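Participant: As given, the protein sequences belong to chains S and A, one line each in that order.
Reading the first sequence from the start, the letters are residues 1 to 343 in UniProt numbering.
Reading the second sequence from the start, the letters are residues 1 to 306 in UniProt numbering.
Calculated from the structure, these hints are not laboratory results.
None of the values given here were measured: they were computed from a predicted structure.
Hints are not guaranteed to be accurate.
[As the list claims (entries may be wrong)] Among the chain A residues that face chain S by a calculated CB cut under 10 Å, a handful are:
#1 Val-84
#2 Gln-96
#3 Gly-102
#4 Ala-173
#5 Ser-176
#6 Phe-229
#7 Ile-237
#8 Ile-288
#9 Ala-291
#10 Pro-298
#11 Leu-301
[Unchecked claim] Beyond 12 Å from chain A on every Cβ pair, some chain S residues (computed):
#12 Glu-43
#13 Phe-75
#14 Val-127
#15 Met-139
#16 Ala-149
#17 Leu-163
#18 Ala-196
#19 Arg-201
#20 Val-229
#21 Gly-260
#22 Glu-261
#23 Phe-264
#24 Leu-322
#25 Leu-337
Ideal Cβ positions, reconstructed from N, Cα and C, are used throughout, including at glycine.
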Amino acid sequence: MTELAETHAAPMPSLRPRLEIVPILLFAAFAAAPLLAMASGAEGYVLSLLTRVMIFGIAAMALDLILGYGALVSFGHAAFLGIGGYAVGILASHGIEDALVQVPVALAASALFALVTGAISLRTKGVYFIMITLAFGQMLYFLATSLAAYGGDDGMTLSSRSLLAGSSILESDFAFYWVCLLCLLGAYAFSRSAVASRFGRVLRGTRENAVRMEAIGFQPFRFQLMAYVISGMLAGLAGCLLANQAEFVSPAFMTWQRSGELIFMVVLGGLGSLHGAIVGAAAFLLLEEFLPELLHGLSFFLSEEARAHLAENWKMVFGPLLILIVLFARGGIMGLLRRPRHG
Amino acid sequence: MNATLLFVQALNGLQFGLILFLIAAGLTLVFGVMDFINLAHGVQYMVGAYLVAAFSAWTGSFGWALLLALPSALAFGLLLEVLVFRHLYDRDHLDQVLATFGVILFLNQGVKFVWGAAPLSVPVPELLSGSIEIASGLLYPVYRLAIIAAGLVVAALLYALVNHTRVGMLVRAGASNAAMVSALGVNIQRLFMIVFGFGAMLAGFAGAMVAPILSVEPGMGDNILILAFVVIVIGGIGSIRGAFLAALLIGLVDTVGRSFAPNLLRLVLDPAAASQTGRAIAPMLIYIFMAAVLFFRPSGLFPVKR
């Protein structure tokens, strides 16, 4: 954990608010996308892909709050996606379909789970922390697989998206897209202010040196736990949105592989910059989406059969690509952007 | 009736625990010596199972297949070490988790590429098929007993190797203080290659042994990897003894819990609720157990002193 703090120091944000080009471009792109989607003719596909990107952006940003700013490697963050998703699914199956009820319930459940598991996990350090968060994630995963009344292994299909104050406006993909964008913006603004506040500075201080923070009169544990709870709640919100987007909830929301993917998104984007987590989520999902076609396109020199075979086994390229990114692109995508050009 | 059932479940738990130990041993040493989190250790178990499936289809004999699979698993582990892992030693845990995650994706897809997505089955060797009566009226498959025996033998060999040989001494020393061992003039890099290759072979052996009783399929290493991590974290990272005891505990908790949780709950709940809650709790038991252990002993049951 100490190495983690040393290798990926997040830049100290200046105290004055300043305009940053990357997040502005990012959100402008998200805002402009529906117009482009209409023009492209495949609007359903583009919208659903970008909605997914935004939802995972929220989840990755939530993880970045504790991973990038607190150096707490949570390997069970997909559990919160599951809590959010199941809150929507379970409430809907009992006839409570309004997001104004579902979302607060999901947030409360996420907060409670984060409070209990965080209080236990934060007693441990380093690898033990990684593993205990993983264990809690697995507990929830197996709990979900055993919920026979709510689909068990197979998960449950939602009959429709959540209502919003009684109206079924979210059925429209456009409206849902805007709601997700609003959630993303809200989560971003909230996280930015949390990180820049005294709370955020104590959290960063704890990442650098917990003993010293304790010596100057803070209780690192409380701040870390608070950050863990906030992070869990944001990820829970992402879970609500994900369930609505897919109109389906299943234990697959919270496999440990999914938790690994979330960590990957954060690192891919660049640790410790909130918009970096969104960029990372976008890069990860777009890569996952387009790599098969890209491979098919690039291997024009092979026979048609071999090309199809290659596209089908795109994960054999994706895996090594992840390794290469870890080995050679330190600081993630944001690190590449930030780095001054050589020569 | 209940006592015999308990006995059978305990045997199953022992067998599962020993398999877990074979996987966890390599993991805990790699972790202890090089402070390296290898998520790809589970795919080495999978590779062992696939190798034995391929070789037994080729030679028609499980024994020959096992003999061929072991050195192949060793070679494969060393190949991975040279290609990927050695570039990650001086990186932080996060990078290691991610890069080895990439290895998992690659290899899970890789075995699909080579052998197809459908599960393979490996026939139980003729010599060890059938069941024997271990108590009056209680039949138990010979092959499972063979797994238990093989696991115990390997565990004993490993114990002797680690505790009574020079290499073992260096490994133990490396696990408690790698920097010191390196300062004393030991090539820690080479020591690690030995540990790593050996660990890969043990995991491959575990995979090969269970191939006849499980289906050999892509991703089969993923969940067992998590269990192996649970084992080494409970046991105390770097401790072979801890891994052994924790593996047996986990094996017993899991197997016995699955069959007895509903019965135990029946004491406090009505039967229908008990069986439902029991089924829900059983798979979570080991994780609850792990959380409880870490709550009281944050660095495991047998922490290696540093």
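Participant: So, for every hint listed, does it hold in this structure?
Facilitator: Evaluation of the provided hints:
no., hint, result
1, Val-84, "holds (6 Å)"
2, Gln-96, "holds (9 Å)"
3, Gly-102, "holds (3 Å)"
4, Ala-173, "violated (20 Å)"
5, Ser-176, "violated (16 Å)"
6, Phe-229, "holds (6 Å)"
7, Ile-237, "holds (7 Å)"
8, Ile-288, "holds (7 Å)"
9, Ala-291, "holds (6 Å)"
10, Pro-298, "holds (5 Å)"
11, Leu-301, "violated (12 Å)"
12, Glu-43, "holds (31 Å)"
13, Phe-75, "violated (7 Å)"
14, Val-127, "violated (6 Å)"
15, Met-139, "violated (4 Å)"
16, Ala-149, "violated (9 Å)"
17, Leu-163, "holds (30 Å)"
18, Ala-196, "holds (24 Å)"
19, Arg-201, "holds (22 Å)"
20, Val-229, "holds (18 Å)"
21, Gly-260, "violated (5 Å)"
22, Glu-261, "violated (8 Å)"
23, Phe-264, "violated (6 Å)"
24, Leu-322, "violated (3 Å)"
25, Leu-337, "holds (20 Å)"
In summary, the structure is inconsistent with hints 4, 5, 11, 13, 14, 15, 16, 21, 22, 23 and 24 from the numbered list given earlier, while agreeing with the others.
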